[in-house]
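Here is how the chains run, residue by residue.
There are 2 protein chains.
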Amino acid sequence: MAKQKHIYFFGPKGAEGAAGMKNLLGGKGANLAEMCNLKVPVPAGFTITTETCVQFFDQGRRWPQGLDAELAKNLARLEKEMGKRFGDPSNPLLLSVRSGARASMPGMMDTVLNLGLNDESLKGLAAKSGNEWFAWDSYRRFITMFSDVVLGVERQNFEQAIEREKQRIGVISDAELPLDALKALVEQFKKIVREHTKTPFPQNPREQLRMAVNAVFNSWHNKRAIEYRRLYHIPASWGTAVNVQAMVFGNMGAESGTGVAFTRDPGTGERRFFAEFLFNAQGEDVVAGIRTPLGIEEMGARLPKVKAELDRIWQRLEKHYRDMLDLEFTVESGALWMLQARVGKRTAEAAVRIAVEMSREGLITKDEAVMRVYPESLDQLLHDTIDPAAELTVLTRGLPASPGAGVGKVVFTAEETIELAASGEKLILVRQETSPEDIGGMNAAQGILTATGGMTSHAAVVARGMGKCCVAGAEQIKISERNQLFTVGSVAVHKGDWITLDGSTGRVILGKAPLVKPKLSEHFKTLMGWADKARRLRVRTNADTPNDAKTARDFGAEGIGLCRTEHMFFEGDRIISVREMILAKTDEDRAKALAKLLPMQRQDFVGIFEAMEGLPVTVRLLDPPLHEFLPKSEGDYEVLAKDLGVLVTELKAQAQSLHEFNPMLGHRGCRLGMTFPAIYEMQTRAIFEAACHLLKKGVVVKPEVMIPLVAHQEEMRRSRELVVRVAEDVMKQEGLRVVYTVGSMIELPRAAIVADKIAEHADFFSYGTNDLTQTTFGLSRDDAGRFLPHYTQTGILDTDPFVSIDREGVGELIKLGVARGRGIKPGLKVGICGEHGGEPRSVEFCHETGFDYVSCSPYRIPIARLAAAQAAITAPAAIKPAKTKKARPAKRRVKKPAPSKAAKRRKR
Amino acid sequence: MAKQKHIYFFGPKGAEGAAGMKNLLGGKGANLAEMCNLKVPVPAGFTITTETCVQFFDQGRRWPQGLDAELAKNLARLEKEMGKRFGDPSNPLLLSVRSGARASMPGMMDTVLNLGLNDESLKGLAAKSGNEWFAWDSYRRFITMFSDVVLGVERQNFEQAIEREKQRIGVISDAELPLDALKALVEQFKKIVREHTKTPFPQNPREQLRMAVNAVFNSWHNKRAIEYRRLYHIPASWGTAVNVQAMVFGNMGAESGTGVAFTRDPGTGERRFFAEFLFNAQGEDVVAGIRTPLGIEEMGARLPKVKAELDRIWQRLEKHYRDMLDLEFTVESGALWMLQARVGKRTAEAAVRIAVEMSREGLITKDEAVMRVYPESLDQLLHDTIDPAAELTVLTRGLPASPGAGVGKVVFTAEETIELAASGEKLILVRQETSPEDIGGMNAAQGILTATGGMTSHAAVVARGMGKCCVAGAEQIKISERNQLFTVGSVAVHKGDWITLDGSTGRVILGKAPLVKPKLSEHFKTLMGWADKARRLRVRTNADTPNDAKTARDFGAEGIGLCRTEHMFFEGDRIISVREMILAKTDEDRAKALAKLLPMQRQDFVGIFEAMEGLPVTVRLLDPPLHEFLPKSEGDYEVLAKDLGVLVTELKAQAQSLHEFNPMLGHRGCRLGMTFPAIYEMQTRAIFEAACHLLKKGVVVKPEVMIPLVAHQEEMRRSRELVVRVAEDVMKQEGLRVVYTVGSMIELPRAAIVADKIAEHADFFSYGTNDLTQTTFGLSRDDAGRFLPHYTQTGILDTDPFVSIDREGVGELIKLGVARGRGIKPGLKVGICGEHGGEPRSVEFCHETGFDYVSCSPYRIPIARLAAAQAAITAPAAIKPAKTKKARPAKRRVKKPAPSKAAKRRKR
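First to last, the protein sequences are chains A and U.
Taking this note's numbering, I'd label the letters of the first sequence as residues 611 to 1518.
Taking this note's numbering, I'd label the letters of the second sequence as residues 611 to 1518.
Extracted from the complex, chain A is given alone in its bound form:
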């Protein structure tokens, strides 16, 4: 077995590593090696591998065997390459020692510059640079940095000393310190180190190097790094590489300087070199922002040769890397040195434009272009956002429950929101939490703010569906509806006060913040077109109103995957009939109330079917427990009692009898259909009467009736029987045939387990992953706020399972269900209609598991389309999906009507 190589050298004659070795050399090390191989001028150096770091930790923070010798060898080679000696009092080699992991973790780990300086080599630096002040300034910086990073002596100890010195002398900036003062400070610094560490500041450069390498290794497990890894799902097992590189100095005089550049505009994506430069400065100074950097033209004017070389280099690098790059470079006495090249961060807008243009330039393929944009980032493009330049007074923060921004006057009830919005007011609805009754008010508001509830609370889900911004669970706000105000600490916000919500970050802002409008660029449309070609998954929307349906269709929805019928029950006066229906004492009374609801519900379906002409619409029959529709306030009870001609007390007693301890696990879903079949009959009738009505007008309608909360196959069998019976009855009356299917939600563990038996009676499965996650985990999303944040923060869970599908648990149940369902019915159509349907990692899971479609809220449709495309490009389906042929419809002899013009137009 070959001896393990711990260190990879790079220099002007080429490198032992290359860009493809990121896992071993880290991003920075691999790119430095790559640039060397491309003969780009890079200060020579070497990279200690990530594996060495892993071994270091495996062996109780000790160096693996052979590392010492390799380090000595590479250091010698570097000295030779640079013509300088490490610690040489006449011409010293100075080093930078930097971390560099596989994934970029900017600023998370430690760096030491100017390593190799000591009381002796200092002299050499002064002599070689011809600048004694510079040498002493470098030395005091080195002591500070090394002590802070390696010796654990906090930086402030040194900064306080400088402050005292400056005050004593009476100067303001560090640069004004005279040479003597610097020298005195270095002495002071060394004393500080001795006091804190009980040993003198290390003068031996090799000891300095050894200690610095250890410090970089150890920084892999510092607090910041751990937290960063948690946030970005980076495994702790990767370790970091250490890059040791000869120092070059941008602060050597007028022909020196330092710069950063992007090869294209990271804000807009425009194809222009985007760089900034500081003469006579080190990288630190750019970052510190003390001096304002110049545009690259100025540098070009003063150092035209350097500029020409830089242009050649960046163009070559961009072509080589085939991506927009973020570059760091230094000019030392007229010589250009590249210090870093990495793929540059960019806004969503820029990402889209760069991807599309690079593809058009022939740099990348269309599939690669599709892969270049983070699906989640598209959110930025779809919603109003707060002007990033604006100064804001942030009052408090909640959860970023639904993205975008909203500005409006504070109101506390849905009724008032509707009333005031009607006269043109912009409003923010502030509630402890929202309930289905608030939907009208939520729709009329610019945004919703709640004090309780999580990312999947009612407010959050509904707001996302509406594309309306929402900040949920802002726990610091205390609402007093009686006093019509809310407070955060000592600040009181009254009804009518202006506030701004930032649903993308969770900020609650006092006053009116300026907003920026979204625009969907041509580049965006082009990219989405390529994504649509690449993806296999269909993307549908969750929509309950014609308006939502239209929005979704504009965003590219290919049907409705979840049309909740209960939201219709709250609109306008119909809630009264709904309550009559619920509180009916006899079947006759219930039938009367249902008869009043039938035409309204039919009208709802007419609107939605029309908006979705030619596309499938999955209608879920009534799902929530009936008590959700009951009055909440005393006043509502009085109104209802008058309507029904009964006593308030009687009404309340009856309502009380519907109370449930665990409504999530209660009398809901198809359990309602089993016990009150008249409700499902009415809804089925409304669906098919609406369909027939439109069919007569030539509008193609494709209803898919979905049965919620099926646990046992017999529930599905009976529900299907009911739907088919009523549907056939309506169609017989109307003398028409509607193409329709009947399917089952799979949202309980039992349903997944007996999916084969349910599939006997179902034309399709739609996974309700919200409820499936709740039941599989035994975790109520409404109550999880008290411990789930703790779980994700302390790493008990990697991810909130309500945000991204828990593959290990819930995911396995889903797979089981798909396999069993398709086992007996190979053509079974399978989709998802939970909140996960618009989350990229979950979409990827659905692709891998052979789903036919995902369904999500309208504003997440582009995200889902892109995620589906990326899944198809990178993860070819492990499980073959059913042929995209339609699942067997409920009745065999179905005459398929010709699609309408509108439907044809919309088909790709």
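These are computed hints drawn from the structure, not numbers from a lab.
Computed from a predicted model, the values in this text were never measured in an experiment.
Among these hints, one or two may not hold up.
Pairs involving identical chains hold if they fit within one copy or between any two copies, as the list cannot separate such chains.
[Stated by the list, open to error] DSSO-like, lysine-lysine: derived pairs with alpha carbons at most 27 Å apart:
id: 1; residue 1: K1088; residue 2: K1252
id: 2; residue 1: K1262; residue 2: K1242
id: 3; residue 1: K1367; residue 2: K1425
id: 4; residue 1: K1088; residue 2: K1242
id: 5; residue 1: K1088; residue 2: K1195
id: 6; residue 1: K1195; residue 2: K1135
With chain A's structure known, arrange chain U on it following the hints.
Relative to the frame of chain A, chain U by itself:
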């Protein structure tokens, strides 16, 4: 292929069938054939098979091919056998036509007697019997029965006619009707039939037979039969056989008669022939109870030869059938005919005695004896029951939530129950529903009655644990605590009124019903000993107090499978400390409150460990959500506010913030341990301090610490870490080693799915099938009352999944979990601690799935022991269980202390 045989003949020369052919011939038919084969005198006849019935239904209620011809052939053979002709005017053959399914369904289906009578054969019957009145009486009975059963003319039509006739003549009983009146009635009857059916009463005997056979077939699907099958889990696919048999008459004079007999006493099991006889009567008359039957001795005195033959026959039959038999026989003019022999129904007491004695007599093996007793029936032997002879005023019915009977005065609060019980009062605690706070009151009461809640409600579970009778979910009762009364319709029951609860049937009885004490006979102990030898499953108990533990041990518990620590939190004053702990604002305050609880909880464990000396005790760390411990009443809040020195409003606001929408899926179980580790630390400390305390006294303690509501392996890993850390700390302090294990509840679908990963950190699994059923079905047991009864009544579900494990859904998850857990840890101990642990079919499932033990409430332990034995005898484990060696304990180097004397004594 052999032609299918539809009919099996039986007669004095032997039979085509036998007792083993019950599936084909039904119970009655098989036994009639068997008796013929044994040369017991049975009126000849034949049986139409159950398969013929199935075909009849499969073919749209038409006779299968060949049945006609076979019927004709068998009828001819029967005529020859009997020397009579069907419909013969001089010597007619008369037939009985009876149903007979595989399982006994007494009275559920139809029977026609005296078939073959018509205006002509009537004369022959009169001539042959020499009794014209008898012949006409038989004819009018036949017309009534045939019309009712076959023609659908209701019996009351005929009975009204008889009543009118009797009034007209002025006689009281049917037997007093003169011959002329009978003749006139027959004419009237025929007219009634003509009016109702528009056709004359069928005179053709073959047509009569054909119609009667159809009627018996059809009766398989009558309402009563369907309901009976549902109750007793009899598949509708079985069908019924039809037995056609020559009539014999017990009403032919002084040497005729009819009798029923049991070969042993069905009430006590005593070995004595237990028979009743009526001279000159038909079977009907015995059933009608018009005349009081005589003891068998009287019959023996008057018909000694018949008696001697009967004795020979029953002894022979009992020996042949190897079981206690229920016999029917008729004596026709001095000739004995056996009409039926079947295994006799018996009380639990009799079942136990008969099984044990028959085994001792060498009739059956010990295993067979064990199989002869229904485990559920043992309940009768363990609880006080209402004197079956008593006359009762049943006020209403609820669910039979916990068996036994209780008599007491009505009270409405737990406090009052405790107070009054202290002065010796017998009380029934009546509550809307109970909560953990009521436990003291429940314990002090004779029984508990609740208006809401199901078989697994808090009241039901706790009452069963206490062996206290409970009627739950008595929905008709309306409680007014304010007025201190409850009503059922117009009846009001006030505080202090006496009522009696029958927890075995759900009856609520006005006044004091007389009770019968249970006694555990020697036979019972013998049988249980045999059962213990046969079973492989261990049987543990769910017990939270030393008292429960002792009771359970007396019933044969081999350890505690579930000791809930939360019940301890309610006792006495400690609830105040619990509330302080919950409402603590800082970790310090919480620590203070926990420090107060520690010694109390330690004392609890000392008591329980001592009671279970030498046996394992599984302690479940705190499980319920904290808000369950908060005050419920205004007064409690005031007391607590004073205790804590805070305002009531503040306290309530804090309590309100703990409210949960779905507490079942909320902040409970190990989620508490993750967020408030101090609670679990205190409990662990209490367990190990108690264990060490006893170890010092030489008492062997085997604690098994159980972590509830584990969903993710990381929860288990951290919980185990906590327990081990605290345990080791205590043992180090005490200088002792306790043998202990740490295991996981498996009560969430996710836990079953990732059982392999959880097993890495768990020494044992204990299935919490209550919660697992709730989450797998998405069904809250507290709320299921609104639809679950409908589900079982209408056949959507065969069984309430909270009563017996749902094998298809929940069961499959359980199997998956066991397989995965043992896959990585072959020695993993697996048990069950849900309510199902004491239900025979669930125990059978646990056996088949390779569990190590079941755990159930103390009073169900004998049931579980017997069920476990039956499972072992009939269903050898499909999945090999882990070796009964102990699972790897939490620490390897564990010194096993020598078992105490008491432990040795108790070990089998």
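Here is what the structure says about each hint:
1. K1088 / K1252: The answer is between: 26 Å across copies meets 27 Å, while 34 Å in one copy does not.
2. K1262 / K1242: both (10 Å within a copy, 21 Å between copies)
3. K1367 / K1425: both (16 Å within a copy, 19 Å between copies)
4. K1088 / K1242: Both ways: K1088 and K1242 sit 20 Å apart in one copy and 24 Å across, limit 27 Å.
5. K1088 / K1195: For K1088 and K1195, only the inter-copy Cα distance (18 Å) is at most 27 Å; the intra-copy one is 41 Å.
6. K1195 / K1135: neither (56 Å within a copy, 54 Å between copies)
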